[in-house]
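K.L.:
The lines below spell out each chain.
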Amino acid sequence: MIRPEEIKMSAEETGKWGMVMDQDICTGCQACVVACAMENNITFVGEEDSGYGRSMHWIRIERFWEGEYPEVKMTPNQPMLCQQCGSATCEPVCPAFATVHSQAEQLNLQVYNRCVGTRYCANNCPYQVRSFNWRDYERPEPLSNQFNPDVTVRRRGVMEKCTFCIQRIHKAQDKAKSEGREVVDGEFTTACAQACPASAITFGRVDDPESLVSQLAKKRGHGIKHLEELGTLPNVTYFKGG
Amino acid sequence: MIKRLFDWLRQPLGLIAVGITLLAVFSVAAYGISLTQQAPEQPVQFPHQTHVAFGIQCLYCHPGAAKGPSAGIPAQAKCWACHNQIAKTETSLLLAPLKQAVISGKPLEWVPVAQVPDFVQFNHRAHIAAGQNCENCHGDMSKQNVAENPQVFNMGFCLDCHKQVAGDDHEKLVKLVDCGTCHY
Amino acid sequence: MTDNFSRRDFLKLAGVGAATSAILTGCGPASRYVKREPYMEMPEYTYNGLSTYYATTCRECAAGCGLVVRTSQGRAIKTEGNANHPLNLGKTCARGQATLHGLYNPDRVTDPIQRKRGNASATAVDWDSATQTVADALKNNKPSEIAFLLGTTSDHLFDLVADLSAQTGINPPVRFGALSMFESRATLAKAAENLFGESGMPFFDLGGAQAVFSFGANFLETWLSPVSYTRGFAGLREALTKKRGTLVQFESRMSSTAGKADEWIPLVPGTEALVALAIGRLALELRGGPLPRAFSDIDPKSAASKSGIKLETLERYAEMFANSAGVLAIPGGAALGQTNGLAVAEAVLTLNAVADNFGKPGGVFFSPLAPNQAMYQRSASVKEMQDFTKKLADGKIKVLFVHGVNPVFELPAALEFKKALEGVEQVISFSTFPDETALESDYVFPDHHSLESWGYQRVATGSNQSALSGSQPVVSPFYNTRATADVLIAAAQLAGGKFAAALPFKDEVEFLQSKIAPLMSQSGGFFSAADLPTFMAYFQQYGGWWQTADSRTVPNTADIFNRSLKAPEAEFAGEGEFFFMPFVSPTLAEAGANKPWLQELPDPTTTVMWNTWVEINPETAHELGLEDDDVVKIISEAGELELPVYRYPAIRPDTIAIPFGQGHTAYGRYAEGRGANPTDLLGGHFNEAGDLAFAGMKVKIEKTGRKQPLSRLESLMGVYGVGLGEEH
Amino acid sequence: MAENTNIVHTHHNTEAHFREKHLMLDPLPRGQMNDMVMESMHTTSWKFWVVFAILSVIVAYSLFYSWGVMIAEGLGVAGVNRPSYWGIFLVNTVFWIGISHAGTFISAILRVFKAEFRRPFTRAAELMTTFGLVQAGFSVFMHMGRVWLAYWLMPYANQRMLWPNLHSPLTWDLLAITTYLLSSTMYLFLPLIPDLAMARDRSTGWRKTFYKTLALGFRGTEGEWAHLRNAMNIFAFAIIPVMFSVHTIVSWDFAAATRPGWNSSIFGPYFVIGALHSGMGAVIMVLAVVRATMKNMKYFIRPEHFDAIGKLMLIISMAWAYFFFNDYMVQWYGGDKWTHQLLHFHEAGPMGWMWFAMLFFNIAVPWAVLWNQKWRSTPWIVFIVGFFINIGMWFERYIIVPISLSINRMPFTWRLYEPGIEIPLGIGTLAFFILLYMGASKLVPLIPVWEVEEGQMAHEFKKFGRETVVSVSELE
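Those sequence lines, one after another, are chains Z, P, L and U.
Taking the working numbering, I'd label the letters of the first sequence as residues 1 to 242.
Taking the working numbering, I'd label the letters of the second sequence as residues 243 to 426.
Taking the working numbering, I'd label the letters of the third sequence as residues 427 to 1154.
Taking the working numbering, I'd label the letters of the fourth sequence as residues 1155 to 1630.
Just chain Z, same shape as in the assembly (with noise of 0.2 Å):
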C-alpha cells in the first residue's frame, strides 16, 4: 500500500517555479491579463470568435455568484493560469513530444514548433488553460511593432499557454551568470505579477523556503492547490482570505 506522501516523494518534481494568488485582494482588474497578452505576444481574436471560447488569454480571471439578490455575492476573483503541474495530465498525451517537462526549469513546456495541433493536451488539462491558435488572426501594421522579440510569435494550428514568462527566468538567469552571482529572489517576476496593482500575484522560488513565495505560502497558512487531488501537483497556490 502507497501511502499519498510517497506519491509525492515518488514523483519526480517538488516544483522549482511557484506561484501564489491572493484572492482576497485581487480585485479583477484585468492588468494581468494584457500585460500578459503584451509580454507574450498574444493575439486577440475579435467579436465573435472570444465569445465562442476562442479567446487566446493564457490567464483569465474567474469569478462566480454566490446567493441571490440582495444578498448575493460575488466569490473572490480567481486567476487561473497555467499551474505548471509537477506531474502534468498534460504532458504525456501529446503524441509529438510538443509539450514536454523541462527537466531544467520544472515547467511544462509548450515547444511550438513542435506541435501539430492535436489538441489532446488541452482536452487533458483540468484547469482548462490552454488556448489553440484557431487561426492566423490579423494584427494589422504596424500593431506588430509591439512584438517581444524573446517571444515566438504563433501561428494557427498551435497550441499555447502561460510559460511563467520563462523568457524572463532565462534572461534573469543568463544576467546573474554573466555577473557570476545566482539569480536573486525579487529579481525578476512575470508580467503578471509586476503589473497586478494590488500585488495579488507573487512569482518565485518554490524550493527556496526563504523566497517571498514560501514565505507568503508559511504565512498565510493552508492555501489551496487547485484539483490537487488528481496528483497533478500544481504549482500555484490560492488564498481565498477572508
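In case anyone wonders, no lab produced these hints; they're calculated from the structure.
Hints may be right or wrong, so weigh each one.
To be verified - Quick look at which bits of chain L chain Z covers, simulated, 3 or more residues with Cβ under 8 Å:
#1 526–538
#2 658–664
#3 965–975
#4 1014–1025
#5 1028–1038
#6 1130–1139
Claimed, not checked - List time: in silico SDA-like cross-link candidates among lysine to any residue, alpha-carbon distance up to 25 Å:
#7 Z:LYS171 - P:GLY347
#8 Z:LYS16 - Z:PHE97
#9 U:LYS1268 - U:THR1622
#10 Z:LYS175 - P:GLN393
#11 P:LYS309 - Z:VAL184
#12 U:LYS1449 - U:HIS1176
#13 Z:LYS171 - L:GLY734
#14 P:LYS417 - Z:ASP185
#15 L:LYS1126 - L:ARG496
#16 P:LYS414 - U:ASN1312
#17 L:LYS461 - P:VAL353
#18 Z:LYS171 - L:ARG496
#19 U:LYS1491 - Z:ARG205
#20 Z:LYS175 - P:ASN378
#21 P:LYS414 - Z:GLN103
#22 Z:LYS16 - P:HIS412
#23 P:LYS417 - Z:ALA176
#24 Z:LYS175 - P:TYR302
#25 P:LYS417 - Z:ARG205
#26 P:LYS309 - Z:SER87
#27 L:LYS816 - L:ALA999
#28 P:LYS330 - P:GLY347
#29 Z:LYS171 - P:GLN357
#30 P:LYS348 - Z:SER144
#31 P:LYS414 - Z:SER87
Ideal placement from N, C-alpha and C gives every residue a C-beta, glycine not left out.
Based on the hints, put chains P, L and U in the right spot on chain Z.
P.N.:
Showing chains P, L and U alone in chain Z's frame:
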C-alpha cells in the same frame, strides 16, 4: 484525331517528347522554388578576409556577441570611421555603396547569413562565455570573402555540440538538451 | 533639445532583424528574404538585441502613473510600472499596459490633414502650412474669439496654453474629461471647500484603515487613481500585519469595488446622504453627549425606511464608527452624480468627523499639491461645459482648438456639442486618433502619441508625496506627427507680437525646462542637481520629480459639526420605471475602445468583451420577459439606445446600468460601430456643484424582439446554470 | 472427408423450396455463376454514372476544397473551441473505424467459426473495412492543427533526438490503425486472388492487364490453393485480436484522459461492441443496396442472409445495451460531482434529445424490429434499421466527444459546441466512402464466387427415407 495523337505519343519518339516536356516542367518548377530559397545579394561584397588580415577582431564590429543575444551588424558610422581615412574608399568600386549610404543617410540593407528560425531563441553571450569561438559556428573568416555559412544551423548541429560540451555532467546535460532552453 | 532628441536617433533604424522575420513568418521557417538595416550611428547605450528602458508617464487617464517602457531597437515593446514612482510604485492598470496598442494603432492620424467637417476623407497638408494655419487663426481673430478645449492629461500643454492665454487675452483653456464627469470631481472639491474652507482633492487613506464605508466611490475601477487605490485596498485587506479590514459599499449596482466588499448595500438611489447622516447620528448617540447641529435634523428610522436598509444594519455600522479606530467614509461616483450630490458629499465627509479620522492613519487628508502647482485646479464640470458649449453655439468663438479630449463622444447628448460646433468658424483638432471630434474639425494636426511625447503630469491624488510625473519620448515618432506644444510655439512665433512674446521658446523641451527649472531650488526632493541639464537628465531618468516626505495636509475641521446638513431628496429626470446608472467601463473608459486588447479584455464584473450591454436584474428581466442577449430599447428624456440585455444578478431590480466606453462612430476600426454610448441618454441636469446628475435619471425599456449575442468569457452554463437542465 | 449431417424436418418443404431459400442449396453451373458476377460488374446503367458524378462533385467540394480552406484558414472555420477542442472530426474518426469493424468481424469471425451464410458477402464487408479506414484517416488528419507536419507522428530517424511520444494514446492509436489498415487490406486481398484470376480469364483490354497484375499469376493449382488457404486462415485468426485491440485503443484516447465521463475502464469493450453495432448496420445497408441495384445480385444475396445478419444485430444491440448500462451505472453510482454534472448534462442539457435518440435508435428500434424473422428478412426494413443504428451510434460518439467535452472541472469555461465546416467535411467522407465503394463494385467482383462455389459443393441433399436432409461436408 485524338487517337492518332495518342498513337504518336506511344511510339519511342513520342515517349521521349513526353519525357522531355515533363522534365522541362519539373525543372522550371524546381528552379522557381529554389529561387524563393535564395538569399538576395549583399549590398557590398564585404571581404571578411581582408578585415581579419588587418587584425581586426570579430568583436570589434560585432560587439553584441559578447554582451547579449545578437552579435549585430556594425553601424555605418563604425565603417566610416576607418574608411573615410582610407584613400581607396574614394576610388574603390566595391566601396561605392558604402559611400553612397553614408552620404544619403540611407542604411545599407545587409542580408543575414547566419540565421536560425524565429522559434529558436539563440543567445550569443552564453556561447561566448562558455568559451566557444566564433569560427566554431561561423567558420574561419580569414579564409572567406563574402560570409557564407559553413554548415546549416539546424537542431542537430546545436544538439551535437551541446551533448559534447555537457559530457558526463548530468546537470549540464539536462539544461543543455532541455527544449525550453531554446524554444519558447 | 528636440535636436538633442533627434541626435539620439535611436530610431533611424528600422529594427528589423530576427524579430520582424518572426512576425512575418510566425512559426514557419525563416524567410530567406530578410534584410537587416544597421543603425546609421549606434547610440552608445544600445546593443543589438538588448533592451533599453525609458521612464515616462502614462496618459491613459489623468492619474499620472509612472511608466518604464522597454524598447528594443527603437520599438516600444512593453510598458511596466515605474517602481520608484510614488503614485503607482511599479504597478499599472490594464489601460496602462495597453497603451502600446495606441502607439502602434493602425488607425492613427498619420499626417496633418484638412477636411470638410464630418467627412471621413481628408487631404494631407504639410506642417509648414499647418503651422501657418494655426498662426493665422491666432492672429486674425480677436483673443476673446479664440478658445482652447484641453483634456485632463498633458499638464504641460495646459500650462503652456494657460501662459499664452494669460499674456494674450485669449480665453483661458477649458479642461474636460468624461472620467472627471463620472467621478464628480467638482462636487468633491466643492464639498471640501464648503466643509473645510479650502479647496483641494481629498485623500482617503484606505491602506491604513480598518473599516471603509464607500458611498458610490468605485475606487477599484476608475475613480481618481485606481492603481493607487487598489494598493490602498490591498493594504486594507493585508491580514499579515494587522486585522483584516472591512469594506462596505453603498451603491445600486455591484461594481468591482462592491464585489470585493464584505457588504454590498444596494440602497435606494438618492438616499446616500440620509444614510450617512443616520449612521453619524446613531454613532454620536452611542457615544453620548450633545448632538451637534450637523446631525440634529436626521431621523434614522425614516432614513432606514427611505433607503431600504434595515435599521439594525445602520446601528451596526454606527457602532463601528462610534467605537473603533480607522473607520473611513468615502463619497464618490454615482452617489455624487445626482441632484443632491453635493449634500451627499458633505454628509459623507462629515461622517469622517464622527470617526474622527482627519489627518490620522486610515483617515481623510488633502492630497499634496504637485511641486509646480500653486493651487488646486480641477477640470471643468459639465455645467461649465454647458456654458462653454452655449458660447460655441452662439458664435462667440471663432476658432476652437481641441486637444486630448473628445467632447463629441464624451459630453452628454443633451448638451448638443456637435451641433454647437456649427457655430464655430474654424475647429482645429490636435488629436492623435481619428476620433469623433477630429471628424467634426476642419483641421487635424496630430500630436504625437504619449509615448512619443515630452511633458509632465501633476499627480493630483493617490500619493502621499507631492509629485510631478515626467514624460519623455521612448520611441521616435512613428508618423508625420508633431508635438502640439511645438506647433503652438512655432505658430506663436509666426503670429509674432504678443503671441511670440508669450511663448519665447525654441521648442517644447525648452518650455518644459522653464517649468521644471524652479524645482531645482525646492528642497526635500527625490534628487537634486546643481545645473539644469543634469537635473533634466535625472528628471528623464527617474520619470519625474517628487518630494520624499509625506506632504499631505490635514483639512481644517474645526467647524465641521456646526454646519447644518440637509439631506434633500434627489430628483430624477424623465419618465420611466428604472433608475439609470451609467458607469465607466474600467477597461475601456473614454479612450480605450480603439485598443484591440482592451476590447478583448473581459469586463471585470460581467466578462463581456467587444460590446456594450445593459444590466438588468434577473427577476426584473423575468417579469419583462427578457432573456440574455435580447436587444432592448432604452428611452430617456434625452435620447434612446438599443442594447443587448445582460441579466446581472447584483443590481437593484429597479435599476439598469450601462457601461460607458463604447459606441464610437469614429475612432478607428476597433472602436467604430461597436456597442452604444450611454452619454446619448444623458440629460442636462446638475447638482449644486455643477456636476452632471448622470445617475439622476429614469428611463423606460422597450423590447425590440431582436437578439444580439454578447461575447462573454464566462460560461452561461457553468456560472449561471443556463442550459444545464433542471436540477436533480 | 468428414460429414456433418443436418437433419431438416420437411413437413411441407420440398427440395425446390429449399433451393429458393438457401443459396448454398441452389447451385448453378460454375461458368454461369462466374458470368453472372462478371456481368454485374460490367452492367452499368446511366443512373450509376449520374450518382457517381454527383458524388464526385460532393467529394471534390466537400472533402478536398473544404479541407483546403481549413488548412489555409486554420481550424477556426470549424466549430471546435474551448472546451470542446475535439469535435465532429473525432466523432467521424471513431465512427468510421467502427464501420470498418463489421467487415472484419463478419469475414474473419464467421470464417473461423465456419458460418456458411457468410459466403456471399464477406467481400462486400471487407471492402467496407478498408474504405471505412480511409475515411477514418481523412477525419483524423483533418482534425490536426498542422496536418502538414503529420509525419512527425511517425518514428523516423533524425538528429534531433526526437521520437513520437509512446506514452500518448494518440501514438498507440496511430500504430493500431496503421496495423489494422495494412492487415485488413491484406485480408481483403487474399480471398480476392482467385476471383481476380477468374476475372482475368474473362476480360479483355485494360481490364485484362489490371486483373492480370493483381491476380499475381494465380492459376488454381492444388499447391496455390493450399497456400492461399493457409494464408487466409492465419490472417483470419490474427486479425481478430487486431480488430479488438484497435477499437479498444481508440477508446483509450478517451478512457486514458483525466476527464469526467471519459475516464471509464469499460470503454474498451463498450467501444468494440459499439463499433460492431454500427458496422453490422452498415453491412446490412450495403447489402440491401447492392442487392437492389446490381444485376444478378438477387441470386447471391437472399433474405436468409438478412435474416442471419439481423439476428447478429439483435444480439449485438443487446450487448451494446448491456455495456451502455454498465458504463452509465458505474459512473452514476460512483462518479464525482463532475461526472454527475456531465451525466445530467447528457440527458437534460440542450442536447438531451440526442441522448434519448441514441437510446431509441440503438436499442428500441432493433429490439422492436429484429425479433421478427419476417421483418428482419425484408431488405428495406433492415436497411432502415441499419440506418437508424448508424445514426444512433454516430450520436453516441457525438455525446462522448463534443458534448462531454462541454463539461469539465472548470465551470467557468463550459461552452457548447456548434459544428462549422465539419459538416461538409463529414458529408465529404461519407460521399467518398460511397464513391470508393461504387468504384470498387465495378472493378472487383463483389461476390467471392469461389467461396460460394466451394460452399455449394459442400452442400448436398440426402434422403433418409422420405425425409430430405441437407448435409454439409467438411472441406479441409
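K.L.:
Decide, hint by hint, whether the structure agrees.
P.N.:
Tested hints:
1. 526–538: holds (count 6)
2. 658–664: holds (count 4)
3. 965–975: It is violated, with 0 qualifying residues against the three required.
4. 1014–1025: It holds, with 4 qualifying residues against the three required.
5. 1028–1038: Coverage by chain Z holds here, the residue count being 7 at a Cβ distance below 8 Å.
6. 1130–1139: holds (count 5)
7. Z:LYS171 - P:GLY347: 34 Å, violated
8. Z:LYS16 - Z:PHE97: Distance ~21 Å between LYS16 (chain Z) and PHE97 (chain Z) Cα, so the pair holds.
9. U:LYS1268 - U:THR1622: 23 Å, holds
10. Z:LYS175 - P:GLN393: 29 Å, violated
11. P:LYS309 - Z:VAL184: With a Cα-Cα distance of about 21 Å, the restraint between LYS309 (chain P) and VAL184 (chain Z) holds, given a limit of 25 Å.
12. U:LYS1449 - U:HIS1176: Satisfied, since the Cα-Cα distance of roughly 19 Å is no more than 25 Å.
13. Z:LYS171 - L:GLY734: 57 Å, violated
14. P:LYS417 - Z:ASP185: Between LYS417 (chain P) and ASP185 (chain Z) the Cα gap is close to 20 Å, so the pair holds against 25 Å.
15. L:LYS1126 - L:ARG496: 49 Å, violated
16. P:LYS414 - U:ASN1312: Holds, at roughly 23 Å.
17. L:LYS461 - P:VAL353: Holds: LYS461 (chain L) and VAL353 (chain P) sit about 5 Å apart, inside 25 Å.
18. Z:LYS171 - L:ARG496: 14 Å, holds
19. U:LYS1491 - Z:ARG205: Outside the cut-off at roughly 34 Å; violated.
20. Z:LYS175 - P:ASN378: 24 Å, holds
21. P:LYS414 - Z:GLN103: 11 Å, holds
22. Z:LYS16 - P:HIS412: 18 Å, holds
23. P:LYS417 - Z:ALA176: 16 Å, holds
24. Z:LYS175 - P:TYR302: This hinted pair holds, its Cα atoms lying about 22 Å apart.
25. P:LYS417 - Z:ARG205: 17 Å, holds
26. P:LYS309 - Z:SER87: 37 Å, violated
27. L:LYS816 - L:ALA999: OK: LYS816 (chain L) and ALA999 (chain L) at ~22 Å, within 25 Å.
28. P:LYS330 - P:GLY347: With a Cα-Cα distance of about 21 Å, the restraint between LYS330 (chain P) and GLY347 (chain P) holds, given a limit of 25 Å.
29. Z:LYS171 - P:GLN357: Holds, at about 21 Å.
30. P:LYS348 - Z:SER144: Within the cut-off at roughly 23 Å; holds.
31. P:LYS414 - Z:SER87: Measuring from Cα to Cα gives roughly 23 Å; hence the hint holds.
When each numbered hint is compared with the structure, violations occur for hints 3, 7, 10, 13, 15, 19, 26.
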